[in-house]
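A.B. asks: Each protein sequence line maps, in turn, to chains A and B. Sequence positions in the first sequence follow the UniProt record's numbering and run 1 to 471. Sequence positions in the second sequence follow the UniProt record's numbering and run 1 to 167.
Calculated directly from the structure, the hints in this document are not laboratory data. Certain hints may be false.
[Claimed, not checked] Here are the simulated lysine to aspartate or glutamate pairs, EDC-like style, with alpha carbons at most 16 angstroms apart:
1) B:119 with A:162
2) A:145 with B:148
3) A:148 with B:148
4) A:441 with B:80
5) A:148 with B:150
6) A:145 with B:138
7) A:148 with B:142
8) A:145 with B:131
[Said to hold, decoys possible] If the Cβ cut is set under 10 angstroms, some of the chain A residues that face chain B in the computed set are:
9) 129
10) 144
11) 147
12) 167
13) 234
Built from N, CA and C at the ideal position, the CB exists for glycine as well.
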Amino acid sequence: MRDLVPLQMQKLQRGRIPQHPVHQEVLLVRRHRRPPWEVVAWSFQTLERTWVSQVMSVSFLAIELESRISKVMVRGFSYGSQRAFEDLKQIYPLLHKEDSDSEYVAKGVSYGVVPDVPSSVGTLGATSVATLPVKTLMRFKSVCKSWKTLISDPNFSKLHLEKSVDQNRTRFMFLHDYFQCTLAYAPPDGTSETNNKPINTNESNGCVDFLASCNGLFCVSNAKDEIFLWNPSTRESKKIPGSKIEFPRFSNCTWASVFFGLGYDSTSDDYKLVRVSMFDTEKFQTEVKIYSRNNNTWKRIRDFPYDFPIGRPGVFVCGGLHWIVSLWCNTVKMYMIAVLNLEDENYGLIRLPEFGQEVRFFEIGTLGENLVLFCCYFEFRYDIWILENYGKTETWTRINIVTSSLNNIEAFVYFEPLCLLSPDEILIRIGAKRFVMYDVKSKQCSDFLVPNMIKESRIVSFLDSLVTPNV
Amino acid sequence: MVTTDEKGPLTAKKKSVIIRSCDGDEFLVSESAAVLSTSLKKILEEKEDRLIHLSDIDNKTLAMVIAYLSTHADDGLSDDLKRSFDQEFVSGKEFDVLKYLVLATDTLQVTCLCYTVAKKMADIMKNKLVEWVRREFDIQNDYTPEAEAEIRRLDAWAWDDRQLEDD
Chain A
1 MRDLVPLQMQ
11 KLQRGRIPQH
21 PVHQEVLLVR
31 RHRRPPWEVV
41 AWSFQTLERT
51 WVSQVMSVSF
61 LAIELESRIS
71 KVMVRGFSYG
81 SQRAFEDLKQ
91 IYPLLHKEDS
101 DSEYVAKGVS
111 YGVVPDVPSS
121 VGTLGATSVA
131 TLPVKTLMRF
141 KSVCKSWKTL
151 ISDPNFSKLH
161 LEKSVDQNRT
171 RFMFLHDYFQ
181 CTLAYAPPDG
191 TSETNNKPIN
201 TNESNGCVDF
211 LASCNGLFCV
221 SNAKDEIFLW
231 NPSTRESKKI
241 PGSKIEFPRF
251 SNCTWASVFF
261 GLGYDSTSDD
271 YKLVRVSMFD
281 TEKFQTEVKI
291 YSRNNNTWKR
301 IRDFPYDFPI
311 GRPGVFVCGG
321 LHWIVSLWCN
331 TVKMYMIAVL
341 NLEDENYGLI
351 RLPEFGQEVR
361 FFEIGTLGEN
371 LVLFCCYFEF
381 RYDIWILENY
391 GKTETWTRIN
401 IVTSSLNNIE
411 AFVYFEPLCL
421 LSPDEILIRI
431 GAKRFVMYDV
441 KSKQCSDFLV
451 PNMIKESRIV
461 SFLDSLVTPN
471 V
Chain B
1 MVTTDEKGPL
11 TAKKKSVIIR
21 SCDGDEFLVS
31 ESAAVLSTSL
41 KKILEEKEDR
51 LIHLSDIDNK
61 TLAMVIAYLS
71 THADDGLSDD
81 LKRSFDQEFV
91 SGKEFDVLKY
101 LVLATDTLQV
111 TCLCYTVAKK
121 MADIMKNKLV
131 EWVRREFDIQ
141 NDYTPEAEAE
151 IRRLDAWAWD
161 DRQLEDD
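Chain A extracted, bound-state conformation (with noise of 0.2 angstroms):
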């Protein structure tokens, strides 16, 4: 019998296909014009032959196929199939030439994890290394050279940050007189940590001014006005570069409110910094400039068509980021939603749900990853509405918080959902000191005790995420 390995496929071996110790092979049948027909499993590794079999009708050589090929499947749809079929695509006609009185059939090719996950993290599983804290990979980084490498890589932050989703791995920032940060972790992970002196922000004594935040990457500024790029989980931090402010020309303006929000644009898998000035001149004036991190390069985009966002940073859910605008609507002064997508730099507009009644204070937020309104109306009522639906007919789903089983509840106008504990169950804060867990289900409210809380500070909530600054 004539080897089957062609020379070709060993430098495919060695130039392209990665070492694992799941093993990986090809599945060849040889078909004669006339049976015994061959079956002939190879493994990329060994390039030895791992299974042979002959097989005399055509029914057994599919039953025999069949058999081989599902167990192969369950590996390669496993780990990726899709790239192991390109490769296949590849061998296939080489393995084809190199015999011309017998038909090659090759049906499956096998392989281990995913590539550049290290052998000991493949036999493990990169799910359970990257549903570990930041501050454990941090230290396991010091295991070996490739889980240095494995939790150094992009690829592996994204991975890490989707399981953080998953988990609700949700820490609070909490911002007091802006010169301390201090971290807390949230529950129902129940440890809790200080940090105190976060980020290094040159002279300016940890003075810091929040301005943005997504999947845990922070926007600070310091008491120079400089900006920096901050992961609080690693304790990355990068200076980004400055970009003036370019007052509108043949006024005599000098002032502009500004206002940031940070997103993540999947397209590009970059992480961008949006400013919105507007200038105090009596014609509505704006200048909107996007910050890369990739590039670490500032542009100016579209000036933003609607009125003064008020209130705090973008919120950032869906590929965008979203601010509450006024709109002149016929002399009566109306709200939406004012949304810009980071990928095609466009502005749109969402609804606000009809609320059916006066509304003394209104505010938006994510919850998971949705995007919610919370309101309080006169007599101290708290509703959430979830925006479902979103980039179609976007619905609002209300929620409505009721208060009733709490003791002493005092008449709070301020009130803001942080985080879902678990999907029935919304971790709130009313006022400045109170802590409420509501449980969607049973329309019941518990007060909840936050570990580490610092009272009558502004709280942040993030991601417990390895998301790095620097590219």
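Dock chain B against chain A, hints included.
C.D. replies: Coordinates of chain B only, in the frame set by chain A:
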């Protein structure tokens, strides 16, 4: 009467699958349980074969996965009961057992169980010493002592305030 007698065993047979582990043990599993694994579902959709051979999952691990699948396929159990079953399922299991389980669930694509096991493993690992990880995964330390010290120095804060465990 004859028809019902014939129908009984036939339908029962049709609704179950035999899964064979790499060490040759065979498990009879209801189809409704088997299809909770995306990989098994694909196999069953593609062919009529009622015997599935899994060449890289041993009998102990397979038995555990099947216990999980059967519990989750049971319509008589409430979601709360299933959730508490999940918690008990992973609690008290040796790290070694979990390692095999996470691989098996990955191969069989039982996403929920894979997450639960991965989370349990992460809970065990998160406060462990680096030396423990090397031992458990049989990893050779390929750093020079200087290089290792340098890496530890860069992220010194991550080492500061915890009681790290070695067992």
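A.B. asks: None of the hints should be skipped; say for each whether it holds.
C.D. replies: Each hint tested on the structure:
For the suggested pair residue 119 of chain B and residue 162 of chain A, the alpha carbons sit about 13 angstroms apart, so the restraint of at most 16 angstroms is met. Between residue 145 of chain A and residue 148 of chain B the CA atoms are separated by roughly 10 angstroms; this keeps the pair inside 16 angstroms, and the hint holds. As the CA atoms of residue 148 of chain A and residue 148 of chain B are separated by approximately 11 angstroms, the hinted pair is consistent with the 16 angstroms bound. Between residue 441 of chain A and residue 80 of chain B the alpha-carbon distance is near 14 angstroms, which keeps this suggested pair within the 16 angstroms criterion.
Between residue 148 of chain A and residue 150 of chain B the CA atoms are separated by roughly 13 angstroms; this keeps the pair inside 16 angstroms, and the hint holds. Distance restraint check for residue 145 of chain A and residue 138 of chain B: the Cα-Cα separation of roughly 14 angstroms lies within the 16 angstroms cut-off, and the hinted pair is therefore satisfied. The suggested pairing of residue 148 of chain A with residue 142 of chain B holds, with an alpha-carbon distance near 11 angstroms, which does not exceed 16 angstroms. Distance check on the hinted pair: residue 145 of chain A and residue 131 of chain B sit about 14 angstroms apart at the alpha-carbon level, within 16 angstroms; holds.
With its C-beta approaching chain B no nearer than about 8 angstroms, residue 129 of chain A sits inside the 10 angstroms limit, and its interface hint holds. Interface hint at residue 144 of chain A: satisfied, since its Cβ lies 5 angstroms from the closest Cβ of chain B, which is below the 10 angstroms cut-off. Of the supplied interface hints, the one on residue 147 of chain A holds, with its beta-carbon coming within about 8 angstroms of a beta-carbon of chain B, less than 10 angstroms. This hint holds: residue 167 of chain A has a C-beta 7 angstroms from the nearest C-beta of chain B, less than the 10 angstroms allowed.
The interface hint given for residue 234 of chain A holds, since its Cβ lies 8 angstroms from the closest Cβ of chain B, which is under the 10 angstroms cut-off.
In this structure, every one of the numbered hints holds.
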